[in-house]
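**Q** Chain by chain, the residues run as shown.
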Amino acid sequence: MKISLDWIREFVTVDIPRQELLDRLTMIGLVADTVEERDGDAVLDLETYANRPDTLGHLGVAREIGAMLGLSLNEKNWPLAELPQATTEIAEVQILSESLCPRYCGLVVRDVPVGPSPDWLERRIEAMGLRPINNVVDVSNYVLFATAQPIHTFDFGKIGGGRIVVRKAKRGETLKDLDGRTLELTTDMLVIADESRPVALAGVIGGEASGITGATRDVFIESANFDPVGIRKTAKKLGLSTDASYRFERGADVGFAPQAALMAASLLTQMGGQASRGLIDVYPKPHQPKFVRLRLRRIAELLGVDVPESFVVEVLGRLGFRVEGTHKGVWRVEAPTFRVDVGLEADLIEEVARFYGYDRIPSEFSPVRSFDLSVNRKRERLGKIRQTLLGQGFDEVINWSFADPEKEAAAGSGLRPVDIQNPISSRASVLRTTLLPGLLENAAWNLNRGLEGVHVFELGDVFYWEGDKHREELHLGLLTTGLLPGAGWTSAPAETDFYVLKGAIEALMEALRFEPVAFEDRDHPHFEPGQALALLYKGLAVGCLGALRKSLAAASAGDRTVFAAEVDLTSLFEKTPRIFQYAPVPKFPGVSRDLSFLLDRGIAYQEVGQALAKLNPSLLEGFELRDRFSGPSIPAAKVSLTVRFRFRHPQRTLVAEEVDRVEQDIVGHLRSTLNIQLREGKIDNRT
Amino acid sequence: MADLKDRIEGLRKAFEAEALKVGDAKSLEELRTAFLGRKKGHVTLLFEDLKTVPAEDKREAGRQVNAFKTFVQDGLLALEGKVRSDGRPARAMDLTLPGRKKYVGAPHPLVLFQQEIENIFLGMGFAIEEGPEIETDYYNFEALNFPPHHPARDSWDTLYIKDDLLLRTHTSPVQIRVMEKKKPPIRIIIPGRVFRRETPDPTHLPMFMQVEGLVVDEGATFAHLKGTLEYFIRALFGEKIKVRFRPSFFPFTEPSAEVDIECIVCDGKDPSCRVCGGTGWKEILGSGMVNPQVLKNVNIDPEKYSGWAFGLGIDRTAMFAYGITEMRHFYENDLRFLRQFGAK
Ligand SMILES: [Zn+2]
Numbered sequence: 001m002k003i004s005l006d007w008i009r010e011f012v013t014v015d016i017p018r019q020e021l022l023d024r025l026t027m028i029g030l031v032a033d034t035v036e037e038r039d040g041d042a043v044l045d046l047e048t049y050a051n052r053p054d055t056l057g058h059l060g061v062a063r064e065i066g067a068m069l070g071l072s073l074n075e076k077n078w079p080l081a082e083l084p085q086a087t088t089e090i091a092e093v094q095i096l097s098e099s100l101c102p103r104y105c106g107l108v109v110r111d112v113p114v115g116p117s118p119d120w121l122e123r124r125i126e127a128m129g130l131r132p133i134n135n136v137v138d139v140s141n142y143v144l145f146a147t148a149q150p151i152h153t154f155d156f157g158k159i160g161g162g163r164i165v166v167r168k169a170k171r172g173e174t175l176k177d178l179d180g181r182t183l184e185l186t187t188d189m190l191v192i193a194d195e196s197r198p199v200a201l202a203g204v205i206g207g208e209a210s211g212i213t214g215a216t217r218d219v220f221i222e223s224a225n226f227d228p229v230g231i232r233k234t235a236k237k238l239g240l241s242t243d244a245s246y247r248f249e250r251g252a253d254v255g256f257a258p259q260a261a262l263m264a265a266s267l268l269t270q271m272g273g274q275a276s277r278g279l280i281d282v283y284p285k286p287h288q289p290k291f292v293r294l295r296l297r298r299i300a301e302l303l304g305v306d307v308p309e310s311f312v313v314e315v316l317g318r319l320g321f322r323v324e325g326t327h328k329g330v331w332r333v334e335a336p337t338f339r340v341d342v343g344l345e346a347d348l349i350e351e352v353a354r355f356y357g358y359d360r361i362p363s364e365f366s367p368v369r370s371f372d373l374s375v376n377r378k379r380e381r382l383g384k385i386r387q388t389l390l391g392q393g394f395d396e397v398i399n400w401s402f403a404d405p406e407k408e409a410a411a412g413s414g415l416r417p418v419d420i421q422n423p424i425s426s427r428a429s430v431l432r433t434t435l436l437p438g439l440l441e442n443a444a445w446n447l448n449r450g451l452e453g454v455h456v457f458e459l460g461d462v463f464y465w466e467g468d469k470h471r472e473e474l475h476l477g478l479l480t481t482g483l484l485p486g487a488g489w490t491s492a493p494a495e496t497d498f499y500v501l502k503g504a505i506e507a508l509m510e511a512l513r514f515e516p517v518a519f520e521d522r523d524h525p526h527f528e529p530g531q532a533l534a535l536l537y538k539g540l541a542v543g544c545l546g547a548l549r550k551s552l553a554a555a556s557a558g559d560r561t562v563f564a565a566e567v568d569l570t571s572l573f574e575k576t577p578r579i580f581q582y583a584p585v586p587k588f589p590g591v592s593r594d595l596s597f598l599l600d601r602g603i604a605y606q607e608v609g610q611a612l613a614k615l616n617p618s619l620l621e622g623f624e625l626r627d628r629f630s631g632p633s634i635p636a637a638k639v640s641l642t643v644r645f646r647f648r649h650p651q652r653t654l655v656a657e658e659v660d661r662v663e664q665d666i667v668g669h670l671r672s673t674l675n676i677q678l679r680e681g682k683i684d685n686r687t
Numbered sequence: 001m002a003d004l005k006d007r008i009e010g011l012r013k014a015f016e017a018e019a020l021k022v023g024d025a026k027s028l029e030e031l032r033t034a035f036l037g038r039k040k041g042h043v044t045l046l047f048e049d050l051k052t053v054p055a056e057d058k059r060e061a062g063r064q065v066n067a068f069k070t071f072v073q074d075g076l077l078a079l080e081g082k083v084r085s086d087g088r089p090a091r092a093m094d095l096t097l098p099g100r101k102k103y104v105g106a107p108h109p110l111v112l113f114q115q116e117i118e119n120i121f122l123g124m125g126f127a128i129e130e131g132p133e134i135e136t137d138y139y140n141f142e143a144l145n146f147p148p149h150h151p152a153r154d155s156w157d158t159l160y161i162k163d164d165l166l167l168r169t170h171t172s173p174v175q176i177r178v179m180e181k182k183k184p185p186i187r188i189i190i191p192g193r194v195f196r197r198e199t200p201d202p203t204h205l206p207m208f209m210q211v212e213g214l215v216v217d218e219g220a221t222f223a224h225l226k227g228t229l230e231y232f233i234r235a236l237f238g239e240k241i242k243v244r245f246r247p248s249f250f251p252f253t254e255p256s257a258e259v260d261i262e263c264i265v266c267d268g269k270d271p272s273c274r275v276c277g278g279t280g281w282k283e284i285l286g287s288g289m290v291n292p293q294v295l296k297n298v299n300i301d302p303e304k305y306s307g308w309a310f311g312l313g314i315d316r317t318a319m320f321a322y323g324i325t326e327m328r329h330f331y332e333n334d335l336r337f338l339r340q341f342g343a344k
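These protein sequence lines are chains L and R, in that order. Going by the working numbering, the first residue of the first sequence is number 1, and it counts up by one from there. Going by the working numbering, the first residue of the second sequence is number 1, and it counts up by one from there.
Simulated from the structure, these hints should not be mistaken for lab results. Please read these numbers as outputs of a predicted model, since none were measured by experiment. Hints may be right or wrong, so weigh each one.
[Claimed, not checked] Take a look, some chain L residues computed to stay more than 10 Å from chain R by CB distance:
1) 18
2) 77
3) 115
4) 187
5) 211
6) 258
7) 279
[Stated by the list, open to error] Here are the computed lysine-lysine pairs in the DSSO-like style, where the Cα-Cα straight-line distance is at most 30 Å:
8) R:182 - R:304
9) L:502 - L:538
10) L:502 - R:102
11) L:407 - R:162
12) R:69 - R:26
13) R:183 - L:378
14) R:182 - L:575
Virtual Cβ for every residue (Gly too), placed ideally from N, Cα, C.
Extracted from the complex, chain R is given alone in its bound form (with noise of 0.2 Å):
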């Protein structure tokens, strides 16, 4: 290391010394050659010993070098300036030339995403709960209203790791599990993974992320499910998107809605659309008043209380406000798509 500071500090003084001496174009030419030649200039000769230095040593060494081909590649600029005849003057300096960045990792676009959503709520005043990822039965199914046996569990295919143990198929035992602990107000969203047996096409995947949210209270409406949901999709897709809702069924919800936004893509007038199929909406969320039974399953009054909930795909909403075709690409991590979400 000293030896190398030492080299660099004498190449230095001669470059210095050689430079004074450059009076016309073919001086400068043979002080670049001496310096920065393909074979045996000084630099490329400095960066040839640099293969034998120590690996922890490397780093400094290695920047030690660069800043002395810096200081050579400037001085030379510099010459050229004063032996040019062509009557540009020179520049001190290109400021023309690319800024420095600090590179600064991206963030997935899921969790990008899910960080959009969770801001918008925690706004309203949602807290952010959470749960396992692997559950019993009883909070995946039984307290949602899902009877043993019951036909409706076939939309929701299960991955089970034993025969009351399984990978949960929503987010929505976690309103269980908070209900059980927690007296009304509750007001709450519920972002995580979720598992479903599905065969891969562009938009299933076995796993994706998921965001629940649920209000308890006296007096909560539908009403307020319709504003705050509506506020929630402007929030997200700005304030022109027209939103609707329609009847639906879920085991835990009574009534039930699902909620259609207008197709952003084709505006509706494209039978083929990919994204709505022509129908000009696409369907984003489903959502509900709580089924009292899942009230009384946790205890909670359902003529004192009553109240709201919804879930949403972070991926498929994801895919749809960034237009991306297919749900894999998010956990194929290919960098050139994840750096996509971030500083570039």
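Just chain L, same shape as in the assembly (with noise of 0.2 Å):
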């Protein structure tokens, strides 16, 4: 909102300077810059709230300036020359819709001279960044910035009958607006009719028709107040807002109606016009004073200070609220009609802080009197697998939650995404359904940027329907591409591969001691047939792990191959992992025996593990997988794999025969079960 520094001056005599006042402005809630000074006036540009209509005039915002400084307002007088005909011998007003027009005040100016408007009018005008138009324009739009009530003005000659009717628009009606534009009426919409036809939008716009000329002799000032909800709900559906549709939108001073109507016809009386005799004021339902009770204590116990109670009655009285006292310590507060933002006690309080000081209330640590005793183990176990990740080298990035129809569309989750009604443009128009394609540009825009790897991960929720009910989950994203970081002078870098991606995996499932977890072959969308694995916890499919399909990765990283995984943590952190208990360290020591088998490369590793399982010999307290190779040395179709087994029995030291017997139902086991050829063995390492 514009504030012109001289306008104000119309209404309190304000002398510091202005920074100060700008400064001292601040520290009651009214932020203002100076936009421009002109002919010794300062223009300021004043942060409104939508709470506080009445500062969206001049003398709203003066009243404010007032009880900052201990100043009152001056008085003004507005002197109307009358013809001796009475406002109701010569129009007439009836309201049809109560609710959306509360009050219609309004009267008659004879033969006004339409022309321009003397220099002050114009000045003013000009302060608030408008082109003066003409007297009759200028002196509505000079009582809305002066006192934030909008004023119409009608070429009464164009009113049918002299008939002003406040009703709703009906079906099929159209209005042509003052800026020519035809406006398509709804049955919702109020509008100012006069016996035939709607000749504006009510408090939104004027009628072309019904507009001021260089020919109207006649004019017929409105002041009403409308509904804030209608005007909004009308103005929204149009597309439009005016100056006077931002003000009753946000609630009109009800009770400042007529004097507003009566501001508007002095000036045109002072200009040559004659106003009509008594103002025409329909208000069906005149406004209850609202009342709020106000205790000193309530002040103390919310502000954290005692305000003295002179300094209450002093403040609230000079914004215009009638205080009276009923007790000791508590008042009767009425709210003035252009207070729309007042109706608690709070709000009172709020005035008196403000005008107190903020910058007073002293500073307090607030007092812990319980502690919240719910743990929070999302955050306990994020904690962990950031930790986890970032220790495996992947670095972490945040995505946005919107996404590209069309890349969600090709990377093929299948699932129903969530669209956005009103996006901010049409490749952010869904919500994502995959963190995919987010790690994908990630990698993209690296790569594209000179970046030999991309390595990363992104923790954020997923969004879909499923029937008419909305999902929203938390996912893990990972992401591997390019050479791996860290290499330096003594090692050469290392491209990425499957098993990077799948021992983060493993590494943060173990952090999170969701274990024992299990991976099968499982193709998906996302990843080349045959290159897939389920992620798998107590039987529950949790996730998936693979090398993306080459169509999908091509584009955001050329020939590299891309290895992904997504995990569905909202689904995992539902399962309980095993409590944690530790084993006891050995007492006795174990015999280690590295075995090197031949086996078709059809079988899966995950199979020799689960053949042991079965096997389940005794002594036998763990492997793992030391070397596998395959090459001329070997027949084309077998793979060797080196695998150390540990031995150990818990009470006693093993002797090398009872390791041999069960090594060598080991080697039957796997021969018969998985067709695996023992290649050569039995190096003993005491452990």
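Hints in hand, dock the two standalone chains.
**A** Here it is as structure tokens:
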């Protein structure tokens, strides 16, 4: 809102330096900047709040300044040259929709010489950043910016029958507005009509046909009050926002409507017009005063400071409240009609605090009377996931929750995405169902800028429809492609692979103690056929990992292979991990043996483990893969595995013969179940 | 694999035998060329052969070849000391070479900054709460005292999914969700993603991170709000930072306050400062006493309990703290940007 300091001085005599005024206004919540200086006047740009429509006019701002500086508002006379004829003899006003129009005031000014405004008025209008049009239009703008009460002026000669009817639009009615647009009206919109047709869209904009022109002689001044919600709905529906609708939708001062009409009439009569006698004021259900109880004790309880009683009474009085003491330290406060924001004691306490000064309220530490004893497992687990993945060399990213519907479709999660009704752009018009497209974009961005590898993870929500219910799930996404970081002068850079990805997932599941996990071959639309696994915990698939489909990866990573994984943490976290218990450190030495086997390439390593689990040999403490290779020294259809077996007896030291027996069992079992041949073995290591 | 191991073992023995014969710079150079020569050096040829090793074995084979290369280089280095004639004693090891570091990933700066904020409040006895990013109009607006069709909603430009379903424009709906299920005293912070229908510019994006705080208790005062937030700001920006509270408006607090900190970029001396515009103050958080109507909406008696709340944008605060000029950097995920926030 533009505020002219010169104009403010019409209402209150301010004589402190401008910078001091701006600083002090800031501290009562009115933040303003000087935007321009013109002819000794300074025009400020004032930030206003949606709940304070009274500050959308100079009078309201002057009232705040008066309360701040302890100054009274200046009285101003609005003399009127009146005709002998009463307004009611010339015009008639009828409200058919009282809920949308609580009050309507009007009068006629005859023989107005329509022409340029006097200099002082043009200056005011220009200070508001508007171009003066003619004295009638300028006067209505003057009243609006002076008092925040919108005024409308009609060419009275164009009002059929001299009748003003405030009613809802009829089906199919249209109105050509002052800007020449034809508005299609709907039956929920309030119009000002004459005896036959709409002449204005109530509280929003006037009609062209009844507008002021050089030929206008008699002017009808409208000063009304309209329902804020009705105005807002109408303005939104038609995509209009005017100085009038902006004020009405925030709430105009129902008590001020007659005074505003008289101000406008006074100015027009000073320019040569003659006003009809008496105001038409249709006000079927007069405003009931709003009384709020204010307790001195409550002020201290909420603010944490004792404000003197006299200060409370003085400030509220200057702001236009009527304050009446009922008991000691208790007041009955009547809010003025322009303070549509005040309805609770807390609202009054805010007024007291604003003028008392937030800086005079002490600073105290908020006492802790009890602690929240709920345990936030989710955050604890997310912390572990982050720590593990950062340790595995993955960088953390945060991507948009929005997604491009085309890229979503290409990723093929198979889930129905949630559409946004009013998206910022068509390429961000759905919510993501998977984290993968975002991670792929991160790969593209960084590879295009010369990085040789991208290894990233994201923790974030995905969204989709399940029937008519929306689902929101926390996911973990991982992506790795290109050279691994961390190569130094002692080692050459290494290319990432699937096992880097799988290792990261194994590590984080271990860190979370969601063990044991299982992996199963399972094709998934994200991944190349036969190059994807499902991650399972307690039989439930909670994620997938694999080599991304070439067609999906190509646009981001060229011909590099991209490995990626996605884990549904919401589902995983619903499971309870096993409780951790320590295992005693062995008292007796064990034996480990490295055995090398030849097996068919069609056999998965996991099957070896499953076979061993089924055999469950005694003394076998554990085993791990030490080496795997294929090449010219072994048959083409075969692969060699070297497995280290660890044997131990809990109560005594092992002897070689008993290890030999178990070893033979193992070798025999693997041969008979999976046709696995022993290649070499028997290297004893005491452990 | 086994072949390669054998070959390397043979070459290792050959190198040791040849090394014994080196007596001058010339024979040293010949040995260097035989093993490290660019075309036919033994090590070079080993690297060539690596290309034909199957993928599963490549890692182990590469490790062995590299280890052998290091062995040869170390050997040549030791010999160099022996044959040098400029009188400088050879180093057994050059300890000035850079150390070996394991690469550790970089946390996202917004997560890092959020954790800093969380830790300050955890230390003051606050618990952390979260809520959904898709919200209903009731939780996002109505329960927070935004009447339907009120212009106050204009400052919270909303992305809608259905008439009643939207992307939360702030983390405040979680205040309502928590107050519905917990009795006071309540002492929580709420971090999370929020969404606005904003046209992107250097300091506005349609998605950003917020952290919200709420205290509801008997006797909670505006003085507590001031003291606690001042402590928080000093913990984040240093003991000496100046803080001011000025009146503002939010539908869900009454009285409301905007909190400014002094501009650490220009100290208020630069009229064209892009952080404070020369005012010397930078708006950092919104706060206020919980509006009694909001307490009534969740069946908490506003006569018995009072509360205070605050909210701040993690992105913009982090921008200010780290001197970042464009908010979008947080979501571009350029690793050259992100890695500055981790161990390098
Ligand atoms: Zn500055």
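**Q** A separate judgement is required for each hint: does it hold in the structure or not?
**A** Hint check:
1. Once the 10 Å rule is applied to beta carbons, residue 18 of chain L is consistent with being away from chain R; the minimum gap is 15 Å.
2. Distance check on residue 77 of chain L: its Cβ is at least 34 Å (rounded) from any Cβ of chain R, clearing the 10 Å threshold; non-interface status holds.
3. No Cβ of chain R approaches the Cβ of residue 115 of chain L within 10 Å, the least distance being about 37 Å, so the stated non-interface status holds.
4. No Cβ of chain R comes within 10 Å of the Cβ of residue 187 of chain L; the nearest lies about 18 Å off, and the non-interface call holds.
5. Against chain R, the non-interface label of residue 211 of chain L holds: every CB pair exceeds 10 Å, the least being about 27 Å.
6. With a cut of 10 Å on Cβ distances, residue 258 of chain L stays outside the contact zone with chain R, its closest approach being about 26 Å.
7. Distance to chain R confirms residue 279 of chain L as a non-interface residue, since its nearest Cβ pair spans about 30 Å, more than 10 Å.
8. Between residue 182 of chain R and residue 304 of chain R the alpha-carbon distance is near 16 Å, which keeps this suggested pair within the 30 Å criterion.
9. Proposed proximity of residue 502 of chain L and residue 538 of chain L is supported: the alpha carbons are some 18 Å apart, at most 30 Å.
10. A hinted pair counts as satisfied when its Cα atoms are at most 30 Å apart, and residue 502 of chain L with residue 102 of chain R qualifies at roughly 19 Å.
11. For the suggested pair residue 407 of chain L and residue 162 of chain R, the alpha carbons sit about 23 Å apart, so the restraint of at most 30 Å is met.
12. For the hint pairing residue 69 of chain R with residue 26 of chain R, the CA-to-CA distance comes to about 21 Å; that is within 30 Å, so the pair holds.
13. Using a Cα cut-off of 30 Å, the hinted pair residue 183 of chain R and residue 378 of chain L holds, with the two alpha carbons roughly 22 Å apart.
14. Under the criterion of a C-alpha separation no larger than 30 Å, the hint pairing residue 182 of chain R with residue 575 of chain L is consistent with the structure, at around 25 Å.
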